[in-house]
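First to last, the sequence lines map onto chains V and R.
Offset between the first sequence (1-based) and the numbering used here: plus 36.
Offset between the second sequence (1-based) and the numbering used here: plus 36.
Worth flagging that the hints you see were computed from the coordinates, not collected in a lab.
Do not rely on the hints blindly, as some may be mistaken.
The list makes no distinction among identical chains, and a pair is therefore deemed to hold if it is satisfied within one copy or across any two copies.
Unchecked claim - Calculated cross-link-like contacts (lysine-lysine; reagent style BS3-like; alpha-carbon spacing at most 27 angstroms):
hint, residue 1, residue 2
1, 46, 84
2, 110, 46
3, 110, 145
4, 46, 136
5, 84, 136
6, 145, 46
7, 136, 110
8, 84, 145
9, 110, 84
Here's the letter readout for the chains.
There are 2 protein chains.
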Amino acid sequence: MNSRRCAACKQLRRRCPSDCIFLPYFPPNNPQRFSFVHRIYGASNVGKLLQQVQEHQRADVADSLYYEAYCRIKSPVYGCVGIITILHQEIDRLERELVKVQAEISLVKGQTQIEGQLAQGQQVQLSSSSFHLPTTTPWF
Amino acid sequence: MNSRRCAACKQLRRRCPSDCIFLPYFPPNNPQRFSFVHRIYGASNVGKLLQQVQEHQRADVADSLYYEAYCRIKSPVYGCVGIITILHQEIDRLERELVKVQAEISLVKGQTQIEGQLAQGQQVQLSSSSFHLPTTTPWF
Chain V
37 MNSRRCAACK QLRRRCPSDC IFLPYFPPNN PQRFSFVHRI YGASNVGKLL
87 QQVQEHQRAD VADSLYYEAY CRIKSPVYGC VGIITILHQE IDRLERELVK
137 VQAEISLVKG QTQIEGQLAQ GQQVQLSSSS FHLPTTTPWF
Chain R
37 MNSRRCAACK QLRRRCPSDC IFLPYFPPNN PQRFSFVHRI YGASNVGKLL
87 QQVQEHQRAD VADSLYYEAY CRIKSPVYGC VGIITILHQE IDRLERELVK
137 VQAEISLVKG QTQIEGQLAQ GQQVQLSSSS FHLPTTTPWF
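Starting from the given sequences, assemble the full structure and let the hints guide the process.
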């Protein structure tokens, strides 16, 4: 055992080989990160999940497993599926809000158009009455 | 071994006790459901996660574990964290869209107000000119 062991090998009390699958993603200075995934998936399953993807993808696998494990420990019943439910509810709320505001804008635009038409009609009426005014006034 | 064994006990080739923790949530007619959680978490960890909550919460635990396992098998790098990322992006898009539409509605309302004030001003001017018309006409 030496100080260079990763968090996984430290917790599993075993020597940490130079090609240890956990070493790059579970550093010894963050023991909680491995502890969480170990509690939920077990070390062997985490190792398998890291092995089955390409090397450049492993950091993302470790991050996403840690996030899911963290959520499951904080919320033992729903885990991160609870977050997905909340986000879906937020999307529904925003979509309803958007439909409401779009309906409002259509209404305001419709009212503006009607008011514009009315104002135009009033102007035509006014200009036609001022055109006829000289011919109907008694001084002609 | 008998036909009443749950999917977990069938796959693990063991007898299924009447108080089996998996029996109510992993029925024998849906072997894939247990197979998925077994691949990702391992049977022992699934059992522990079911044991640590109250009985009425276990169906939700089994459902959410199955969903997370399904996502991990379909998307080995991001699992259901990929879905959370997509949902966050969708919320950002909807929030931007809402801000844009709300700005548009403010603009339309502002224009309507200005047009209304202009129309009112025009009416005042027109009515005042018709009021003054008799006093400025040459026949007085």
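Each hint, compared with the structure:
1. Taking the shortest Cα distances, residue 46 and residue 84 sit within 27 angstroms of each other both inside one copy (19 angstroms) and across copies (23 angstroms).
2. When the C-alpha separation of residue 110 and residue 46 is checked against a cutoff of 27 angstroms, the pair qualifies only within one copy, where the shortest distance is 24 angstroms, while the shortest distance between copies is 32 angstroms.
3. With identical chains, the CA atoms of residue 110 and residue 145 are never at most 27 angstroms apart, being 49 angstroms at best within one copy and 47 angstroms at best between copies.
4. For the homomeric pair residue 46 and residue 136, neither the shortest alpha-carbon distance inside one copy (56 angstroms) nor that between copies (53 angstroms) is at most 27 angstroms.
5. For the identical chains of this complex, residue 84 and residue 136 are neighbours neither inside a copy (49 angstroms) nor across copies (47 angstroms), given an alpha-carbon limit of 27 angstroms.
6. With identical chains, the CA atoms of residue 145 and residue 46 are never at most 27 angstroms apart, being 67 angstroms at best within one copy and 65 angstroms at best between copies.
7. In the homo-oligomer, the alpha carbons of residue 136 and residue 110 never lie at most 27 angstroms apart, since the shortest distance is 36 angstroms inside one protomer and 36 angstroms across protomers.
8. Within a single copy, residue 84 and residue 145 get their C-alpha atoms no closer than 60 angstroms, and across copies no closer than 60 angstroms, so neither meets the 27 angstroms cut-off.
9. Taking the shortest Cα distances, residue 110 and residue 84 sit within 27 angstroms of each other both inside one copy (24 angstroms) and across copies (15 angstroms).
When the structure is compared with the earlier hints, violations turn up for hints 3, 4, 5, 6, 7 and 8 and for no others.
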